[in-house]
Each structure stands twice: as C-alpha cells, then as structure tokens.
Amino acid sequence: MGSTSTILYHLPDEIIEEILSNLPVKSLLRFKCVSKRWRFLISSKQFTKHHLKKSRTNLSHQKLIILNTDVIDRSFAYLIDRGFKSCSLLSSLDNSTIASFDRPPLMNHIRYGCNNILRRKYFNPATDNFDVYDYNSYVQYYPSDSYILEILGSCNGLVLISVDRANLFVWNPTTRRAKRIDPPACHAFSDDLWDIHRGAFAYGFGHDEIADEYKIACVFFTYKEKPRRTATEIYSSRTGSWKKIEDFDMARFRRLRFFSCGKFMHGKCVNGKLHWLTDPKECVCWEIVSLDLSEEKYGIVGRPEYFSNHAHYRPRLHELGGYLSLTNLNENYRVNVWVMTKYGETESWVRFLTTNCDGMVRGIFLCPLWLMIENGDIVVANPKSRGLDVVFCNGGNLLHTFRVDDVFTDDSSVQNFDANIYVESLVSPFGDE
Amino acid sequence: MAAETGTPTTLTLKSNDDELFSVAESAAILSVTIRNMVEDGCAGGVIPLDNVDGKTLASVITYMNGISAIPADEEKKKSYRDKFLSDKDFETLADMVLAANYLNMSCLMDAVSAKIAQVMEKKSVGWVRRKFGIENDYTPEEEAAVKEEHKWTFEGVETDDDN
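The listed protein sequences derive, respectively, from chains A and B. Mapping of the first sequence onto the numbering used here: residues 34 to 466, in sequence order. Mapping of the second sequence onto the numbering used here: residues 358 to 520, in sequence order.
Hints in this document: simulated from the structure, not taken from any laboratory. Keep in mind that the hints are not guaranteed to be accurate.
[Claimed, not checked] Derived BS3-like pairs (lysine-lysine); straight-line CA-CA distance at most 30 Å:
(1) A:Lys-86 x B:Lys-508
(2) A:Lys-59 x B:Lys-371
(3) B:Lys-371 x A:Lys-82
(4) A:Lys-82 x A:Lys-417
(5) B:Lys-412 x A:Lys-82
(6) A:Lys-375 x B:Lys-434
[Stated by the list, open to error] Label pairs and their computed distance ranges (CB to CB):
(7) A:Lys-330 x B:Lys-435: 38 to 44 Å
(8) B:Val-476 x A:Arg-70: 28 to 34 Å
(9) A:Glu-378 x B:Thr-366: 27 to 33 Å
(10) A:Gly-377 x B:Ile-427: 33 to 39 Å
(11) A:Glu-378 x B:Ser-443: 38 to 44 Å
(12) A:Thr-272 x B:Asp-374: 17 to 23 Å
All C-beta atoms, glycine included, are put in the ideal place defined by N, C-alpha and C.
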C-alpha cells in the first residue's frame with residue numbers, strides 16, 4: 034500500500050476537509066492527535082462551520098436532551114436535578130426498543146466544580162475543563178448536593194443552561210466545554226431571585242448571522258408590581274458583555290407569555306430571530322413576537338389563519354429542524370403541529386400533523402422534535418407513563434417508534450415537558466480559540 | 358450532439374495507464390469535467406483523463422452507468438450508492454475520492470467522503486496516520502498534551518485491523 038500512501042499524502046486539504054466533515058465530533062477531537070496540520074484544520078473556524086452545515090441535515094448528529102429530575106421530598110415537592118440525559122435521534126432507528134442514553138459528564142463537572150468551590154474556594158482548571166471561577170454563595174439556600182437546572186435555549190450545538198437560575202453557562206455538550214456567563218444587570222432588580230411574584234427572567238439564545246456572534250437575550254419583567262416594568266438586555270459573545278436595548282412596546286404587545294404551566298417559555302431561535310408568544314390570557318388575539326438578534330429590535334410574525342376561526346388551547350412555540358413551529362390543542366383535544374415553511378410569510382404556515390384519537394400518536398403534551406422538510410417526515414415526542422414515546426411519522430402514517438423510559442419521576446412534570454434538540458458541533462462556547 | 362439522430366452517443370475515455378473505455382455520453386456527463394469537454398467540442402476522439410488509473414476509471418464508469426439508469430428518485434439513488442460502495446476497501450475508496458474530485462462529480466464525491474468517514478469513525482490515530490500516509494510531527498510531549506485535552510475521545514476505539 035506504499036504507493037497509495039504516497040498519493041494520499043498529497044490529498045489536498047479540500048478533500049481531507051470534505052471527508053472529515055462527515056465525522057462525529059468525538060472522532061474529530063481524537064484525530065487532532067494525527068498531526069499538527071490535522072489539528073489546525075479541525076480547529077479552524079472554517080471547518081467548524083463546514084461541519085456544522087453538514088451535521089444540521091444528518092439525523093444521527095441530532096441529539097435529544099432531557100432534563101432528568103427527581104422528586105426527593107414529596108411533601109414539599111422538592112426537586113433535585115440529576116443532570117441531563119441525551120440520545121441520538123438516529124439511535125431510535127437502529128434499535129426500536131432500547132434508546133442508548135449517555136449522560137454528558139459535564140453536568141457532573143459543573144456540580145463537582147460548584148461543590149468544590151464551596152469547599153475549597155478555588156477551581157482547578159487542570160481537573161475541571163470548563164470555566165467556572167467565581168461561584169457565588171447563593172447555594173446557601175440549598176443543601177449542597179441539590180441544584181436547579183434549566184435549559185434556556187440551543188443553537189448550533191451550544192446549549193444555554195442555568196444552574197440555580199442565576200448562573201448562566203453556554204455549554205457544548207458534545208465537546209464538553211462550558212463557559213460561565215456573567216449575569217445581566219437586570220438580575221439586580223430583584224433582591225431575591227426566588228420571589229417569582231415580584232419579577233422574573235426569560236431568556237433566549239441564538240446566532241446573529243450578520244455579525245457572526247452568539248447572543249443571549251434576557252427579558253426581565255415584574256409580575257405583581259404596578260405599573261409593570263420590563264427590560265431587555267442582550268449579551269454578545271464578541272464583546273463578552275450585556276447591553277440594554279429598546280424594550281418591546283407594552284401597549285402593543287401586552288405581555289409576553291413567559292410562564293406557562295409552571296414553566297418559563299424561553300425564546301425559540303429561527304432565522305436569526307428569537308420568538309415568544311404574547312400572553313393569551315390578557316390578549317385573546319395572541320401573537321408571535323420576534324426579536325431580531327442582529328438589529329436588536331422586536332417585531333411580529335404572522336400566525337396561521339386557523340387561529341382566528343377555530344377554538345384552540347395551549348398554543349406553544351417550537352423550533353423544528355430550523356423552522357418556526359406552533360402546536361395547539363383543538364376543540365377535540367387533539368394536537369395540531371404547524372410549520373412556517375417560508376419564514377416571515379404568513380401564508381406559508383402548514384399543518385403537518387394532527388394527532389389521531391384512535392391512531393398511533395396520542396396525548397395532549399406532545400412536542401415536535403425534528404422535521405425533514407424535503408419529504409415531510411416528522412419526529413415527535415409524546416410523554417406517556419413517565420417516559421417518552423418518540424414517534425416518526427409522515428402525514429398520518431407511522432414510520433417508526435421507540436420508547437425512552439424513566440424521563441419523569443412524577444406525573445405532574447409531564448405537562449412541563451419541553452424537548453430540546455441540539456446538533457453535534459465543534460462550535461466553541463469561548464468563541465474563537 | 359447526436360441525440361437528434363436517435364442513437365445514443367458513445368464517448369471513449371482513456372485512463373492514465375492507457376486503458377480505453379466506452380461509455381454512453383448521457384452517463385459520462387455526470388462528470389462536470391467531461392461535460393465541459395463535450396460542450397467545448399473536445400469529445401470527437403478520445404478523452405484523456407490523466408489523473409485516473411484504469412482500475413479506478415472502470416469502477417467510476419460502473420457507477421455512472423448504474424446511477425444514470427435510475428430515474429429521479431433520490432431514495433433509490435442513495436441505496437444504489439450505498440450498495441455500490443459497500444464492498445470497497447479503504448485504498449479503493451481513496452482512489453475514488455481523488456477521481457471524483459478530478460472528474461467533478463459531486464454526488465459521488467459526497468458519497469465516497471461519507472463512506473471513508475464511516476470507515477474511519479472508530480479507528481485509532483495510528484491507523485489514520487498509516488492509511489493517509491501522514492507523518493507524526495508532534496514531539497511526544499506535544500502529542501501527550503493534545504491527547505490529554507480530549508482524553509475521553511480515546512474510549513471505544515477499535516483495535517487496528519491493518520497490521
């Protein structure tokens with residue numbers, strides 16, 4: 034094979050890059066050891082983008098992330114978060130009964146790091162390969178082994194999470210890197226972050242395509258205080274700091290619907306914009322509010338005509354395979370899944386799926402996960418018996434289904450279920466490295 | 358072009374080791390490189406393909422004929438590609454990726470790249486160096502440091518099968 038090796042040695046970078054762009058992140062990180070040239074290539078921003086673009090359409094690179102929560106004291110409904118579970122959407126196709134879960138160890142790291150910092154008051158970057166330097170003493174509210182985790186958004190393989198609500202991390206679960214984000218100034222508006230009645234925070238996370246930077250939006254609003262106050266701040270990965278932007282027009286939009294069924298609704302990022310619903314309780318004609326991450330301005334996205342003429346309950350927004358999606362319950366308690374097939378064009382909303390009473394997809398807490406717009410295949414998660422049925426279908430036809438057990442520890446958390454998908458990517462939470 | 362006469366035009370391709378192959382023009386123009394030559398009127402005699410050897414060219418022509426016989430059905434084309442590449446070893450795939458690049462056949466290029474990646478996925482760093490003919494230019498200390506940074510990615514690596 035000596036002659037082949039000689040030829041391969043001269044494989045141009047474009048071909049090497051093309052081959053490598055098909056590999057999962059784990060293999061790529063290992064192959065940084067092959068040579069300095071390969072390390073340079075795999076670490077380059079250009080390759081990261083090329084790989085991301087390819088991964089977006091690769092079902093086996095889509096991961097379902099589930100927050101794994103235990104109730105440890107039922108009398109107080111006291112929750113302890115055990116971390117995150119994730120599984121590839123394709124693992125379901127390989128094996129119809131067992132979904133292989135692996136728990137990204139970084140959550141252990143964060144927890145471990147936090148506890149260590151509390152005990153040791155310092156952080157050892159050699160043993161904990163992520164960025165936690167100053168952990169505050171807010172943890173005094175809780176026993177040291179418990180914490181509240183929340184997934185606030187996901188974009189290009191990066192996941193925005195909060196630990197005990199106040200501590201933000203941009204985390205790449207695939208490369209196991211996380212960066213701690215300084216809290217926004219509006220955190221100081223509320224003396225006690227746990228006093229939900231005075232004020233609360235909702236987030237959104239996305240990519241500003243024009244400036245090529247990641248942005249976090251934090252929207253603060255008061256609950257009971259009159260007149261209501263709100264503020265919007267945006268964090269830029271380029272500057273590493275927050276700035277206040279012009280707030281949404283309260284008179285026009287009323288109140289954003291951040292809180293639903295005991296859970297915050299965080300912004301869904303599609304087309305460089307974050308999206309929330311306005312509160313249907315206060316405004317019969319709820320609307321979809323967008324926040325353009327590049328222009329840093331609020332706007333409105335048209336909703337399907339259907340909603341003007343039909344009874345509907347529990348409208349929810351989703352990001353579905355890069356498209357804006359809505360779900361609602363109709364008058365017969367079936368779930369409609371809507372997709373805006375051309376962003377910004379109200380006429381392009383299509384009803385992709387309606388759950389079928391005697392058919393395969395049932396349940397009112399169904400959440401769409403993935404969509405192949407080319408052929409109409411759609412993947413939905415249906416919480417059932419403390420687990421999830423993940424269902425692949427096309428129109429009314431069931432293609433495939435698999436079961437994920439032990440997702441919920443009590444029945445009440447089923448209605449809070451919100452599935453998050455992230456794509457496996459090399460994108461660094463630290464920006465350019 | 359001879360499509361007007363009703364008989365399919367046949368092109369003659371010549372590999373760099375002087376083997377001659379006949380192939381229907383409709384199949385051959387899957388290669389943008391060949392299509393450009395045909396459009397420029399260079400296809401009258403023999404088309405020399407200086408960067409492709411006979412063994413690889415025979416394989417590429419099999420692919421050209423196979424895929425162009427399938428009507429516009431992406432699923433069927435994909436399963437043909439999967440089947441076509443399933444029994445190819447690493448060296449053949451490497452020759453084919455170079456040929457596909459030279460002939461400018463994006464569908465073959467994508468399929469072969471993906472297949473090579475699939476073969477590489479669980480392989481060791483040493484396997485990749487040998488197969489790609491890459492010299493390790495790290496000092497032992499540098500290599501250990503890079504390895505340490507991504508230690509967990511060395512779990513589940515297959516035992517090398519090429520020694």
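Hints versus structure:
1. A:Lys-86 x B:Lys-508: Holds, at roughly 26 Å.
2. A:Lys-59 x B:Lys-371: Status violated; Cα separation ~42 Å.
3. B:Lys-371 x A:Lys-82: Violated - the C-alpha atoms of A:Lys-82 and B:Lys-371 are around 38 Å apart, more than 30 Å.
4. A:Lys-82 x A:Lys-417: 37 Å, violated
5. B:Lys-412 x A:Lys-82: With a Cα-Cα distance of about 35 Å, the restraint between B:Lys-412 and A:Lys-82 is violated, given a limit of 30 Å.
6. A:Lys-375 x B:Lys-434: Between A:Lys-375 and B:Lys-434 the Cα gap is close to 28 Å, so the pair holds against 30 Å.
7. A:Lys-330 x B:Lys-435: 38 to 44 Å: 43 Å, holds
8. B:Val-476 x A:Arg-70: 28 to 34 Å: 21 Å Cβ-Cβ, so the 28 to 34 Å window is violated.
9. A:Glu-378 x B:Thr-366: 27 to 33 Å: 45 Å, violated
10. A:Gly-377 x B:Ile-427: 33 to 39 Å: 37 Å, holds
11. A:Glu-378 x B:Ser-443: 38 to 44 Å: 43 Å, holds
12. A:Thr-272 x B:Asp-374: 17 to 23 Å: 59 Å, violated
Consistency with the previously given hints fails for numbers 2, 3, 4, 5, 8, 9, 12, ordered from lowest to highest.
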